[in-house]
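Novice: Protein chains in written order, with the working numbering: chain S, 850 to 1277; chain G, 850 to 1277.
The set of hints was computed from the structure by calculation and includes no laboratory data.
Each hint should be verified, as a subset may be incorrect.
Heads up, the list lumps identical chains together, so a pair's fine if it works in one copy or across two of them.
[Stated by the list, open to error] Under the rule of at most 25 angstroms between Cα atoms (straight-line distance), these lysine-lysine pairs were calculated in the DSS-like manner:
(1) Lys1106 - Lys893
(2) Lys866 - Lys936
(3) Lys1271 - Lys1047
(4) Lys1226 - Lys1048
(5) Lys1208 - Lys1047
(6) Lys1271 - Lys919
(7) Lys1271 - Lys1225
(8) Lys1225 - Lys936
Number of protein chains: 2
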Amino acid sequence: MLIENARRGTVTPEMKKIAEAEGVDEQYLLREIADGHIIIPVNKNHTSIEPMGIGRGLTTKINANIGTSKDCVDIDEELRKLDVAIKAGADTIMDLSTGGDIDEVRHEIIRHSTVPVGTVPLYQAAIEATNRQKAIVEMSVEDIFSVIERHAEDGVDFITVHCGLTRQAAGKIKNEGRIMDVVSRGGSFTVAWMIHNKKENPLYEYYDRLLDIALSCDMTLSLGDGLRPGCIADATDRGQIQELITLGELAQRALAKGVQVMIEGPGHVPINQIESNILLQKRLCHGAPFYVLGPLVTDAAPGYDHITSAIGGAIAATHGADFLCYVTPSEHLRLPTVEDVREGVIASKIAAHAGDVAKGMQRALDRDIAMARCRKKMDWEGQITTSLDPERSRSFRDSRAPADRDVCTMCGEYCAIKVLNKQENWDL
Amino acid sequence: MLIENARRGTVTPEMKKIAEAEGVDEQYLLREIADGHIIIPVNKNHTSIEPMGIGRGLTTKINANIGTSKDCVDIDEELRKLDVAIKAGADTIMDLSTGGDIDEVRHEIIRHSTVPVGTVPLYQAAIEATNRQKAIVEMSVEDIFSVIERHAEDGVDFITVHCGLTRQAAGKIKNEGRIMDVVSRGGSFTVAWMIHNKKENPLYEYYDRLLDIALSCDMTLSLGDGLRPGCIADATDRGQIQELITLGELAQRALAKGVQVMIEGPGHVPINQIESNILLQKRLCHGAPFYVLGPLVTDAAPGYDHITSAIGGAIAATHGADFLCYVTPSEHLRLPTVEDVREGVIASKIAAHAGDVAKGMQRALDRDIAMARCRKKMDWEGQITTSLDPERSRSFRDSRAPADRDVCTMCGEYCAIKVLNKQENWDL
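Hey, can you work out the whole structure from these sequences and the hints?
Specialist: Pasting the structure below:
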C-alpha cells in the first residue's frame, strides 16, 4: 500500500516515475505521500495504467467525466469520449454511467483506459434499487457496500463517496435556507435516503468498513461534497462548510489507517470567494489534495460552462487546488457529446496550465516561453507544435492562408513583430 | 462637452439614460465624470447610437474588434461581424481595418453601428504611407494628424493613440531585455518611426494638438499601451510600467482640458500579476477607466484565446478593470471569422458578468438568482430565456431530447433536484 511504503521510506516504481515526470525529489514525494498531501490513485487490481500524482507541489491535474445516461446508452460513444479525453490531455477519467449495463460500461472503460478511472458507486446502488421496482431511498446499506466492493475488485482507482454529508450538515441547508438545496446526485440520494429512513448516512456511520475495503486494494477515496453549492447565491454557506469540517475529520481517519484520500469541492462559487474556499479546505483537511468541480463563476451561461468553469478552475489552481474536474459546454443542458468532451478537456487544461504558470512552476513557464520565442522568430511550425492543440492551430491558420507566409491574415505585412524585426540593432 | 457639463452640474440626456440603465444616482454620475472616473464615449458627430458609460461603479463593458486586413477585404463580412457582435452583447466596436478602402469600411461601420465605434488612426496613416510607395517609418507628422482629424470629423467615438510610448519607455524594453519586444501594431509603428527618424513620438510631443482635436467633437482618447507585454514572461516589466506612468500624466492633462480619456492595458499577464496591474493603473492614472486587452493568462493556447482571455478578463473585472477588449479563438492565427466574433463576444460577456457578480453588483447577482430559481423549479423555458445565449441553450437541449421533459439527458430521472423535490417539507 502506497502510504505504508512511503512511511517505511520505500520508493516504489510509481513514485520513481512521478518524481521524474514532475521534476520533484523522491524524498519530497515520500514525505508528502506519508503526510497525505499527495496521492497516487492506482488500484492494485488495475495494472494497465500510467501512474500519476495529485497534490502539493505537483502540476495541476484534470479529470473528465464520461458515461451513459438513461436516455443515451451507447458504449461505443462512451469509448470514443474516453479516447478523445485522453488524447486531449485528461489525467483521469470518471465513469458516471447511469444507463444500460453499468457493470459492462465500467469494465470496458477500465479495460481501455490508460489513465486512472474513478466512479460513484452510489449511483449504481440507487439504479439497481429502482431496477428491482424499489425507490432510490429504499436501497439497503448492504446494497451500497456490495457495489463499492464490486468497484474495488474491478480495479476502480478512486471512488467518490459522500461520507461527510451527515444529518447535521443537511439540516443546516434547510435551516439556513438555500435556493437550490442539493445539486450533487450522490448528495441528493443521500439526503433523500436519510429523510426517508430516519437514519444517519451509512457511509458516515460505517466509515471504517469503507476504509477496510479501500485499503484492501489501495483504492483512493474521493470524499464528495454532497452539499456543494449549485448556484452562486448558495456558495460558502453553513451546510457546505459543516460538511467540509466533517470531511477533514474523515480524511484524518483515512490517513491514520493508510488509505489515500482527496477532498471534493464546489461547484458554483463567485470569483471573490474562490481563494477563501481553497484556504479553508487546505486548513480544515490538513493539506489533503483538493479536487474541485469547476468552480463555475456564474450561473447564467449554460452552453458555455466550459468557459465559466475554466475561469473558476484557473483561479482555484492558482490558489492551490490540485485537481480540476472538467465541465463541458453541455453542462445543465444534456449529456455531453464527443466534441463537448474534447472542448471541456481543453478548457480545463488551459485552466490548470494557467494556474501552474501563476504559481511559477518552471515547466509551465518554459512552455509559454517556448511559444513566445517562436512568435518572435515568426516560426509558425514551432507555434503550432508548441500549442496546446496543434491540430486546431494548424487548421485555423490554414483556413485563411496569408499571402506572405511569415505572417498571418490578421495583420499581414503590418505585423507588429515583423515591422520591428526589420529595425536591426536598434536602441533609443 | 460632457466633462464641462458635468462640472457645471448639468445632467445631459446621455447621463440621464445611463444613470437609469445602470441604477446609479445622477449626482454620482456627474461627480465621477467630472473627476475622470467615468466616460461616455460619444462623438458629437455621431448621433445615431445608444449612449453607454464606462468606469467606476458601472457594469463592466466589452469591446469587439472587427475590420478588414490586407489578405481579407470583404465589407459585407465585416458588417455581418458588426451585427453578430452587437447581437451577442458587445458594448462597443472597434474598426481596425487595414485592407481595402479603409475610409469606406469605417463609414459603413459608423453608419450601421448602434454602439460607440473606436479606431486606431495610426494604422491608416501607416498604410497610406505605404500606398504612396513609402515605408511606414516615412509617414510624416502631418500624415498622422490629418487621419486623426478625418476620424474625428467622421464621428469616431474613441480613438486609440499611443501617446505614452516615449523614447525613454521604449529604451527600457531594449535595456532590460524582452522576449517579444513590441506586439502592439501602433506601438511597433511608433517605435520603428522613432528609431528611423531619431525623433520623439509625435503623439507625445504634440499632445496638446491632439487634445484640441478631441475636444472639438468630444472624441474620447483611449491612451494605448504600445509596450503591452506580448507574452507572460514580458508582463509588468519596466517598459510597461514606464509607459503607464506617462499615460497617467497624459490622462491628467486631458482631464484638465476637459477631454474624456481611458487607459489601455495588457495583454499577456499571468493570473498572479493581474490584481497588481489593476491597482497600479488605478493609482498611477488617478482612477481613469481601465480598458484591458484580455489579459491572456497563458501564451500556449492559440485557437482558444477567447478562453485564456476570459479567464484574465474576469479576474481583471473583479479587481476593477472597467472595459474588456474581447479576444477571439482566431487570435495569433488568422483574421477572425463571423463565428469567431460571436464566440469572442460571448466569452468576454461571461468574463464581464462574472466580474460584476464577484463585485456584488446587484443586477448581476439578480440574473444568476433568476437562473437558479428556474433550475430549482425545473422550468426549462425560464432557464433558456434567462441564459446569456438562449439560442444555444435551446439547441443544445433539443439536440438530445429527454424522455421525461422535466429533466435533461445528463441525469434523467436521477436528477438531483428532482429526487429531492419529491421529499416534501423535509427536515433533519
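Novice: Please go over all the hints and tell whether each is borne out by the structure.
Specialist: Hint check:
1. Lys1106 - Lys893: within (17 angstroms within a copy, 74 angstroms between copies)
2. Lys866 - Lys936: This pair counts as within: shortest intra-copy Cα distance 20 angstroms, inter-copy 52 angstroms.
3. Lys1271 - Lys1047: Intra 78 angstroms, inter 16 angstroms, cutoff 25 angstroms: inter-copy only.
4. Lys1226 - Lys1048: Intra 67 angstroms, inter 28 angstroms, cutoff 25 angstroms: neither.
5. Lys1208 - Lys1047: neither (47 angstroms within a copy, 42 angstroms between copies)
6. Lys1271 - Lys919: Classified as between; 19 angstroms across copies, 62 angstroms inside a copy.
7. Lys1271 - Lys1225: Classified as within: same-chain Cα gap 12 angstroms, cross-chain 61 angstroms, threshold 25 angstroms.
8. Lys1225 - Lys936: Intra 29 angstroms, inter 36 angstroms, cutoff 25 angstroms: neither.
In this structure, the earlier hints numbered 4, 5, 8 are contradicted, and the remaining ones agree with it.
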